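Participant: Spelled out from the first residue to the last, the chains are:
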Amino acid sequence: GAGVSQSPSNKVTEKGKDVELRCDPISGHTALYWYRQRLGQGLEFLIYFQGNSAPDKSGLPSDRFSAERTGESVSTLTIQRTQQEDSAVYLCASSLQSGSPHEQFFGPGTRLTVL
Amino acid sequence: AQSVTQLDSHVSVSEGTPVLLRCNYSSSYSPSLFWYVQHPNKGLQLLLKYTSAATLVKGINGFEAEFKKSETSFHLTKPSAHMSDAAEYFCVVSVSPFGAGGTSYGKLTFGQGTILTVHP
Numbered sequence: 002g003a004g005v006s007q008s009p010s011n012k013v014t015e016k017g018k019d020v021e022l023r024c025d026p027i028s029g030h031t032a033l034y035w036y037r038q039r040l041g042q043g044l045e046f047l048i049y050f051q052g053n054s055a056p057d058k059s060g061l062p063s064d065r066f067s068a069e070r071t072g073e074s075v076s077t078l079t080i081q082r083t084q085q086e087d088s089a090v091y092l093c094a095s096s097l098q099s100g101s102p103h104e105q106f107f108g109p110g111t112r113l114t115v116l
Numbered sequence: 018a019q020s021v022t023q024l025d026s027h028v029s030v031s032e033g034t035p036v037l038l039r040c041n042y043s044s045s046y047s048p049s050l051f052w053y054v055q056h057p058n059k060g061l062q063l064l065l066k067y068t069s070a071a072t073l074v075k076g077i078n079g080f081e082a083e084f085k086k087s088e089t090s091f092h093l094t095k096p097s098a099h100m101s102d103a104a105e106y107f108c109v110v111s112v113s114p115f116g117a118g119g120t121s122y123g124k125l126t127f128g129q130g131t132i133l134t135v136h137p
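Residue numbers (the numbering used here), protein chains in the order written: chain B, 2 to 116; chain U, 18 to 137.
Read the hints as simulated data drawn from the structure, not as lab findings.
For clarity, every value in this text was computed on a predicted model and none was experimentally measured.
Yeah, the Cβ is synthetic: ideal placement off N, Cα and C, and Gly gets one too.
Each hint should be verified, as a subset may be incorrect.
Unchecked claim - Computed, partial: chain U to chain B, Cβ under 7 angstroms:
| no. | residue |
| --- | --- |
| 1 | 39 |
| 2 | 61 |
| 3 | 63 |
| 4 | 130 |
Said to hold, decoys possible - Listed below are several chain U residues computed to face chain B (Cβ distance under 10 angstroms; list not exhaustive):
| no. | residue |
| --- | --- |
| 5 | 51 |
| 6 | 53 |
| 7 | 58 |
| 8 | 66 |
| 9 | 80 |
| 10 | 109 |
| 11 | 128 |
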């Protein structure tokens with residue numbers, strides 16, 4: 002069956018430009034998560050969706066970061082006025098329900114490079 | 018608050034020898050603990066999870082981990098390493114939804130990762 006998909010797989014942009022990253026979760030998964038993985042580091046939690054609401058946005062680094070989700074489907078992560086420190090792999094995960102111990106299934110990630 | 022410390026950033030073993038990847042956690046509530054593996058250019062894959070049932074957890078590919086509350090540890094082991102085990106491994110903690118409160122519900126906290134190298 003189809004797993005979590007993300008697009009684009011790679012994105013190179015210039016400093017100051019806006020970027021939009023997309024995540025298609027596994028069908029039927031109500032919970033969706035965004036994480037960021039900087040080079041040589043573990044994953045940092047960004048935001049969690051339950052359906053189309055976001056009960057936990059505590060990991061978003063600044064107001065330049067925002068995310069939306071349409072129902073229990075696609076989510077987009079938008080970074081405005083990108084900075085070089087935004088360069089990272091952005092990973093999306095989905096699970097059947099929110100909360101431990103439900104396994105989160107990860108997408109392949111979007112590698113963002115800000116020049 | 019919850020946190021995870023992976024004690025080794027790199028571990029190198031010879032094929033056929035045991036593997037030990039160390040992880041210590043901190044959590045205010047009963048945690049769920051996971052090990053994920055990330056092969057080069059591939060997505061994260063769940064190896065195993067502990068959810069307050071048996072303290073010795075068996076996962077895929079011959080890996081297992083033991084939850085030791087007194088030591089706040091969740092070390093990953095495998096009796097005999099295979100070349101295909103070479104990857105980066107992440108220890109992960111998630112606060113139990115029961116009694117956790119607040120918005121940490123379901124949020125995974127990752128360790129910094131341990132790169133496992135397997136020599137022929």
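Participant: Evaluate each hint against the coordinates.
Facilitator: Hint by hint, here is what the structure shows:
no. : hint : in the structure
1   : 39   : violated (15 angstroms)
2   : 61   : holds (4 angstroms)
3   : 63   : holds (5 angstroms)
4   : 130  : holds (5 angstroms)
5   : 51   : holds (8 angstroms)
6   : 53   : holds (8 angstroms)
7   : 58   : holds (8 angstroms)
8   : 66   : holds (6 angstroms)
9   : 80   : violated (15 angstroms)
10  : 109  : holds (8 angstroms)
11  : 128  : holds (6 angstroms)
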